[in-house]
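Student: Using the sequences and the hints, build the whole thing.
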Amino acid sequence: MAKGSSGLAAPVWKARRSPVNTGAPWPVPKEAEARVLGIQRKLHKWASDDPNRRFNDLHNLVCDPATLMMAWLRVRSNRGSRSAGVDGQTARHVEQRVGVEKFLDGLREELRSGSFRPLPVKERLIPKRGGNSGGLGCLPFATA
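For the sequence shown, this note's numbering assigns the number 5 to the initial residue and increments by one for each residue that follows.
The hints are simulated quantities; they were obtained by calculation from the structure and are not laboratory data. The structure displayed is predicted, hence computed values, not measured ones. Any given hint might turn out to be false.
SDA-like mimics (lysine to any residue), calculated; alpha carbons at most 20 Å apart, straight line [stated by the list, open to error]: (1) LYS34 / VAL104; (2) LYS106 / ARG96; (3) LYS49 / PRO33; (4) LYS106 / GLY89; (5) LYS106 / LYS49; (6) LYS106 / TRP30; (7) LYS49 / ASN64; (8) LYS34 / VAL66; (9) LYS106 / ALA75; (10) LYS34 / ARG80; (11) LYS46 / PRO29; (12) LYS46 / GLU35; (13) LYS49 / ALA38; (14) LYS34 / LEU108; (15) LYS106 / ARG116; (16) LYS106 / GLY118; (17) LYS106 / VAL32; (18) LYS106 / ALA95; (19) LYS106 / VAL79; (20) LYS46 / VAL66; (21) LYS106 / ARG128; (22) LYS106 / LEU77; (23) LYS106 / SER119; (24) LYS49 / PRO31; (25) LYS106 / GLU127; (26) LYS106 / ARG121; (27) LYS106 / VAL66; (28) LYS106 / PRO29; (29) LYS34 / ASN56; (30) LYS34 / ALA88; (31) LYS34 / GLU99; (32) LYS34 / LEU65; (33) LYS132 / VAL104; (34) LYS106 / PRO131.
Tutor: Structural data, given as C-alpha cells:
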C-alpha cells in the first residue's frame with residue numbers, strides 16, 4: 005500500500021474468474037464487496053481512459069452474485085428497510101421467512117431470463133413551503 009493511501013485498495017478484478025453466469029455459490033459479503041469494488045474501479049478506469057467507450061454487456065454485471073449481494077446489503081442497511089415495500093415484504097421478512105440467498109436466486113433468475121418487471125416505487129411526498137407537497141417525479145393532482 006502506498007504512503008497516504010486510503011486503504012480501500014482491492015485486488016485486481018479478474019474477469020475470467022467471476023462466476024457471472026454459473027451456479028457458483030453466493031459470495032460472503034467481504035468477497036462480494038472486494039469484487040464489486042474491483043469491477044467499479046476497472047469500469048471507471050476504462051471510461052476515464054476513453055470517454056467515448058461504450059459498455060455493451062453490463063447486464064452480466066447486474067446479474068453477478070457479488071453485485072446482487074452488495075445491492076442487498078446496501079438496501080438492508082438503509083433506514084427504510086424496516087418498512088414494507090410495495091410488495092408488502094420487509095427486509096426482515098425476506099431474511100427470516102424466504103432466505104436472502106433464495107430471494108436473490110429468484111431475482112437473479114428473473115433478471116437473466118428477462119422476466120423481471122419492477123413494481124412501482126413507493127412514493128413519499130415531501131412537504132414544501134406554501135403548503136404544497138412534492139417529490140421526485142411527483143405531479144400535483146388536478147382538482148375539480
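Student: With reference to the structure, classify each hint as holding or not holding.
Tutor: Here is what the structure says about each hint:
1. About 16 Å separates the Cα atoms of LYS34 and VAL104, which keeps this hinted pair within 20 Å; it holds.
2. Restraint check for LYS106 and ARG96: satisfied, since their Cα atoms lie roughly 14 Å apart, inside the 20 Å limit.
3. Distance hint between LYS49 and PRO33 is unfulfilled; the C-alpha atoms sit about 24 Å from each other, more than 20 Å.
4. Distance check on the hinted pair: LYS106 and GLY89 sit about 18 Å apart at the alpha-carbon level, within 20 Å; holds.
5. As the CA atoms of LYS106 and LYS49 are separated by approximately 34 Å, the hinted pair breaks the 20 Å bound.
6. Restraint check for LYS106 and TRP30: satisfied, since their Cα atoms lie roughly 10 Å apart, inside the 20 Å limit.
7. Restraint check for LYS49 and ASN64: satisfied, since their Cα atoms lie roughly 19 Å apart, inside the 20 Å limit.
8. As the CA atoms of LYS34 and VAL66 are separated by approximately 18 Å, the hinted pair is consistent with the 20 Å bound.
9. Annotation: proposed proximity of LYS106 to ALA75 holds, straight-line Cα distance about 15 Å (limit 20 Å).
10. Between LYS34 and ARG80, the direct Cα distance comes to roughly 16 Å. Compliance with the 20 Å bound is thereby established for this hinted pair.
11. The suggested pairing of LYS46 with PRO29 is violated, with an alpha-carbon distance near 24 Å, which exceeds 20 Å.
12. Note on LYS46 and GLU35: the hinted pairing holds, with a Cα-Cα distance of about 17 Å set against a maximum of 20 Å.
13. For a cut-off of 20 Å, the pair hint linking LYS49 to ALA38 stands: about 16 Å separates their Cα positions.
14. Our distance criterion of 20 Å between C-alpha atoms is met by LYS34 and LEU108, whose separation comes to about 17 Å.
15. With a CA separation close to 15 Å, the supplied pair LYS106 and ARG116 stays within the 20 Å bound.
16. Straight-line distance between C-alpha atoms of LYS106 and GLY118 comes to about 18 Å, which keeps the hinted pair within the 20 Å bound.
17. The straight-line distance between the Cα atoms of LYS106 and VAL32 is roughly 15 Å, inside the 20 Å bound, and the hint therefore holds.
18. Between the alpha carbons of LYS106 and ALA95 the distance comes to roughly 13 Å, so the proposed pair stays at or under 20 Å and holds.
19. Our distance criterion of 20 Å between C-alpha atoms is met by LYS106 and VAL79, whose separation comes to about 16 Å.
20. Taking the CA atoms of LYS46 and VAL66, the gap is about 15 Å. The hint holds against a cut of 20 Å.
21. Among the hinted pairs, LYS106 with ARG128 is inconsistent with the structure: their alpha-carbon atoms are about 29 Å apart, more than 20 Å.
22. Among the hinted pairs, LYS106 with LEU77 is consistent with the structure: their alpha-carbon atoms are about 15 Å apart, no more than 20 Å.
23. Taken as a hint, the LYS106 and SER119 pair is honoured in the structure, with Cα atoms around 17 Å apart against an allowance of 20 Å.
24. Taken as a hint, the LYS49 and PRO31 pair is broken in the structure, with Cα atoms around 25 Å apart against an allowance of 20 Å.
25. The suggested pairing of LYS106 with GLU127 is violated, with an alpha-carbon distance near 27 Å, which exceeds 20 Å.
26. About 18 Å separates the Cα atoms of LYS106 and ARG121, which keeps this hinted pair within 20 Å; it holds.
27. Note on LYS106 and VAL66: the hinted pairing holds, with a Cα-Cα distance of about 17 Å set against a maximum of 20 Å.
28. For the proposed pair LYS106 and PRO29, the alpha carbon gap of about 11 Å is at most 20 Å, so the pair holds.
29. With a C-alpha separation of about 33 Å, the suggested pairing of LYS34 with ASN56 is violated against the 20 Å cut-off.
30. With a CA separation close to 27 Å, the supplied pair LYS34 and ALA88 exceeds the 20 Å bound.
31. A distance of roughly 19 Å separates the Cα atoms of LYS34 and GLU99; the hinted pair therefore holds under the 20 Å criterion.
32. Of the pairs offered as hints, the one joining LYS34 and LEU65 holds, with about 18 Å between alpha carbons and a cut-off of 20 Å not exceeded.
33. For the given pair, LYS132 sits about 38 Å from VAL104 by alpha-carbon distance, which is inconsistent with the 20 Å threshold.
34. The suggested pairing of LYS106 with PRO131 is violated, with an alpha-carbon distance near 39 Å, which exceeds 20 Å.
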